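Just so we're aligned, residue 1 is where the sequence shown starts under the working numbering, counting upward by one.
FYI, nobody ran anything at the bench for these hints, they're computed from the structure. On a predicted model such as this, the values are computed, not experimentally measured, just so you know. Warning: the hint list may mix true and false statements.
List time: in silico EDC-like cross-link candidates among lysine to aspartate or glutamate, alpha-carbon distance up to 20 Å [claimed, not checked]:
{"hint": "1", "residue 1": "K14", "residue 2": "E25"}
{"hint": "2", "residue 1": "K137", "residue 2": "E147"}
{"hint": "3", "residue 1": "K15", "residue 2": "D133"}
{"hint": "4", "residue 1": "K62", "residue 2": "D76"}
{"hint": "5", "residue 1": "K94", "residue 2": "D70"}
{"hint": "6", "residue 1": "K15", "residue 2": "D26"}
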Amino acid sequence: MLKIFSTQLFGLFKKWQDSHEESIEDAARILAQASVGDGHIYIYGKQEMQAVGIEATEGVDKLANAKVWDSSTPFDDISASDRFLIITRESDDKEALLLAQHLSNQFIPFATISALPSDQTEQLASYSDVHFDLQLKQGLVPNETGERVGYPSAIGALFIYQGIKFTLDEILADY
(Lines of atoms letter the chains of each structure in order from A and count residues from 1; the text may use other names and numbers.)
(Lines give C-alpha, C1' and ligand atoms only; values in the text may rest on other atoms or scores of the structure.)
Protein backbone atom coordinates (compact mmCIF):
# COMPACT_ATOMS: atom_id res chain seq x y z
CA MET A 1 0.00 0.00 0.00
CA LEU A 2 2.83 2.38 0.78
CA LYS A 3 4.21 2.11 -2.75
CA ILE A 4 0.79 2.93 -4.26
CA PHE A 5 0.33 5.81 -1.80
CA SER A 6 3.74 7.30 -2.56
CA THR A 7 3.20 7.00 -6.32
CA GLN A 8 -0.18 8.73 -6.05
CA LEU A 9 1.26 11.36 -3.71
CA PHE A 10 4.16 12.17 -6.05
CA GLY A 11 1.60 12.65 -8.81
CA LEU A 12 -0.29 15.09 -6.60
CA PHE A 13 2.91 17.00 -5.77
CA LYS A 14 3.50 17.48 -9.49
CA LYS A 15 -0.12 18.53 -10.08
CA TRP A 16 -0.02 21.00 -7.16
CA GLN A 17 3.28 22.45 -8.38
CA ASP A 18 2.06 22.84 -11.96
CA SER A 19 -1.37 24.25 -11.14
CA HIS A 20 -0.40 26.57 -8.28
CA GLU A 21 2.89 28.16 -9.35
CA GLU A 22 1.42 31.62 -10.04
CA SER A 23 -0.92 31.44 -7.06
CA ILE A 24 2.01 30.70 -4.76
CA GLU A 25 3.66 33.94 -5.90
CA ASP A 26 0.42 35.86 -5.41
CA ALA A 27 -0.08 34.46 -1.90
CA ALA A 28 3.53 35.25 -0.97
CA ARG A 29 3.04 38.88 -2.12
CA ILE A 30 -0.08 39.17 0.00
CA LEU A 31 1.68 37.82 3.10
CA ALA A 32 4.75 39.99 2.40
CA GLN A 33 2.57 43.07 2.88
CA ALA A 34 2.25 42.18 6.58
CA SER A 35 5.94 41.37 6.90
CA VAL A 36 7.16 44.71 5.56
CA GLY A 37 4.47 46.66 7.42
CA ASP A 38 3.26 46.61 10.98
CA GLY A 39 1.05 43.58 10.53
CA HIS A 40 1.06 39.94 11.45
CA ILE A 41 0.64 36.89 9.29
CA TYR A 42 -2.11 34.88 10.92
CA ILE A 43 -2.41 31.19 10.19
CA TYR A 44 -5.81 29.63 10.82
CA GLY A 45 -5.95 25.87 10.47
CA LYS A 46 -8.74 23.46 11.34
CA GLN A 47 -8.25 19.88 12.49
CA GLU A 48 -5.13 18.32 10.91
CA MET A 49 -4.49 21.55 9.02
CA GLN A 50 -3.24 23.09 12.26
CA ALA A 51 0.06 21.54 11.21
CA VAL A 52 0.70 24.55 8.96
CA GLY A 53 0.37 27.00 11.86
CA ILE A 54 2.68 24.88 13.99
CA GLU A 55 5.22 24.71 11.15
CA ALA A 56 5.02 28.48 10.59
CA THR A 57 5.43 29.41 14.25
CA GLU A 58 7.45 26.57 15.78
CA GLY A 59 9.22 24.86 12.87
CA VAL A 60 12.89 25.09 12.04
CA ASP A 61 12.24 27.77 9.40
CA LYS A 62 9.76 29.96 11.26
CA LEU A 63 7.75 32.50 9.31
CA ALA A 64 8.54 36.04 10.45
CA ASN A 65 5.61 37.85 12.09
CA ALA A 66 3.51 34.67 12.05
CA LYS A 67 0.91 33.89 14.69
CA VAL A 68 -1.64 31.14 14.96
CA TRP A 69 -5.20 32.51 14.77
CA ASP A 70 -7.66 31.01 17.22
CA SER A 71 -11.39 31.20 16.49
CA SER A 72 -11.94 32.49 20.04
CA THR A 73 -9.87 35.60 19.31
CA PRO A 74 -12.10 38.64 18.72
CA PHE A 75 -12.25 40.10 15.23
CA ASP A 76 -11.43 43.48 16.81
CA ASP A 77 -7.84 42.26 17.23
CA ILE A 78 -7.36 42.19 13.44
CA SER A 79 -5.76 45.28 11.93
CA ALA A 80 -5.81 46.45 8.32
CA SER A 81 -2.10 45.58 8.01
CA ASP A 82 -2.60 41.94 9.02
CA ARG A 83 -2.78 39.14 6.46
CA PHE A 84 -4.20 35.63 6.77
CA LEU A 85 -3.62 32.13 5.50
CA ILE A 86 -6.73 30.00 6.16
CA ILE A 87 -6.38 26.22 5.81
CA THR A 88 -9.22 23.70 6.09
CA ARG A 89 -9.82 20.18 4.88
CA GLU A 90 -12.87 21.30 2.92
CA SER A 91 -13.72 24.73 1.56
CA ASP A 92 -17.20 24.90 3.12
CA ASP A 93 -16.02 24.87 6.76
CA LYS A 94 -18.44 27.11 8.72
CA GLU A 95 -15.90 28.72 11.13
CA ALA A 96 -13.45 29.40 8.35
CA LEU A 97 -16.24 30.92 6.25
CA LEU A 98 -17.12 33.33 9.07
CA LEU A 99 -13.50 34.46 9.27
CA ALA A 100 -13.26 34.74 5.49
CA GLN A 101 -16.44 36.80 5.30
CA HIS A 102 -15.17 39.16 7.99
CA LEU A 103 -11.79 39.59 6.30
CA SER A 104 -13.44 40.18 2.93
CA ASN A 105 -15.82 42.76 4.41
CA GLN A 106 -12.84 44.55 6.00
CA PHE A 107 -10.85 44.42 2.73
CA ILE A 108 -8.05 42.44 4.40
CA PRO A 109 -6.28 40.25 1.82
CA PHE A 110 -5.91 36.55 2.55
CA ALA A 111 -5.17 33.21 0.95
CA THR A 112 -6.88 29.87 1.51
CA ILE A 113 -5.95 26.22 1.12
CA SER A 114 -8.65 23.52 1.00
CA ALA A 115 -10.29 20.87 -1.12
CA LEU A 116 -13.23 22.22 -3.07
CA PRO A 117 -16.45 20.24 -2.58
CA SER A 118 -18.25 18.94 -5.63
CA ASP A 119 -21.52 20.66 -4.72
CA GLN A 120 -22.25 24.36 -5.02
CA THR A 121 -22.16 25.25 -1.32
CA GLU A 122 -20.64 28.50 -0.13
CA GLN A 123 -16.86 28.15 -0.31
CA LEU A 124 -13.73 29.87 0.97
CA ALA A 125 -12.55 30.29 -2.61
CA SER A 126 -15.35 32.77 -3.28
CA TYR A 127 -14.00 35.15 -0.61
CA SER A 128 -10.23 34.70 -0.74
CA ASP A 129 -7.79 36.65 -2.87
CA VAL A 130 -5.91 33.44 -3.67
CA HIS A 131 -7.22 29.91 -3.24
CA PHE A 132 -5.32 26.63 -3.47
CA ASP A 133 -7.50 23.65 -4.33
CA LEU A 134 -5.99 20.48 -2.89
CA GLN A 135 -7.89 18.51 -5.55
CA LEU A 136 -8.73 15.76 -3.06
CA LYS A 137 -12.07 13.98 -3.13
CA GLN A 138 -11.14 10.72 -1.43
CA GLY A 139 -8.20 8.73 -0.10
CA LEU A 140 -5.48 7.75 -2.55
CA VAL A 141 -5.30 3.99 -1.88
CA PRO A 142 -8.01 1.30 -1.83
CA ASN A 143 -7.74 -0.98 1.18
CA GLU A 144 -8.75 -4.67 1.39
CA THR A 145 -12.45 -3.80 1.79
CA GLY A 146 -12.45 -1.38 -1.15
CA GLU A 147 -12.56 1.73 1.03
CA ARG A 148 -10.17 4.49 -0.07
CA VAL A 149 -7.68 5.54 2.62
CA GLY A 150 -4.67 7.84 2.76
CA TYR A 151 -6.21 11.32 2.48
CA PRO A 152 -3.12 13.59 2.40
CA SER A 153 -4.76 16.95 3.14
CA ALA A 154 -2.19 18.08 5.72
CA ILE A 155 0.68 16.93 3.50
CA GLY A 156 -0.74 18.98 0.63
CA ALA A 157 -1.27 22.03 2.81
CA LEU A 158 2.30 21.82 4.12
CA PHE A 159 3.63 21.41 0.57
CA ILE A 160 1.81 24.55 -0.60
CA TYR A 161 2.81 26.43 2.57
CA GLN A 162 6.47 25.60 1.92
CA GLY A 163 6.17 26.97 -1.62
CA ILE A 164 4.66 30.16 -0.24
CA LYS A 165 7.39 30.39 2.43
CA PHE A 166 10.22 29.96 -0.11
CA THR A 167 8.73 32.64 -2.35
CA LEU A 168 8.03 34.98 0.56
CA ASP A 169 11.64 34.67 1.72
CA GLU A 170 12.82 35.58 -1.80
CA ILE A 171 10.52 38.62 -1.90
CA LEU A 172 11.68 39.83 1.52
CA ALA A 173 15.35 39.33 0.58
CA ASP A 174 14.86 41.72 -2.34
CA TYR A 175 13.02 44.27 -0.21
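Outcome of the hint check:
1. K14 - E25: holds, 17 Å
2. K137 - E147: The given pair, whose Cα atoms are some 13 Å apart, holds under the 20 Å limit.
3. K15 - D133: Given that 20 Å is the threshold and the Cα spacing comes to 11 Å, the pair holds.
4. K62 - D76: The given pair, whose Cα atoms are some 26 Å apart, is violated under the 20 Å limit.
5. K94 - D70: Given that 20 Å is the threshold and the Cα spacing comes to 14 Å, the pair holds.
6. K15 - D26: Distance ~18 Å between K15 and D26 Cα, so the pair holds.
In summary, the structure is inconsistent with hint 4 from the numbered list given earlier, while agreeing with all the others.
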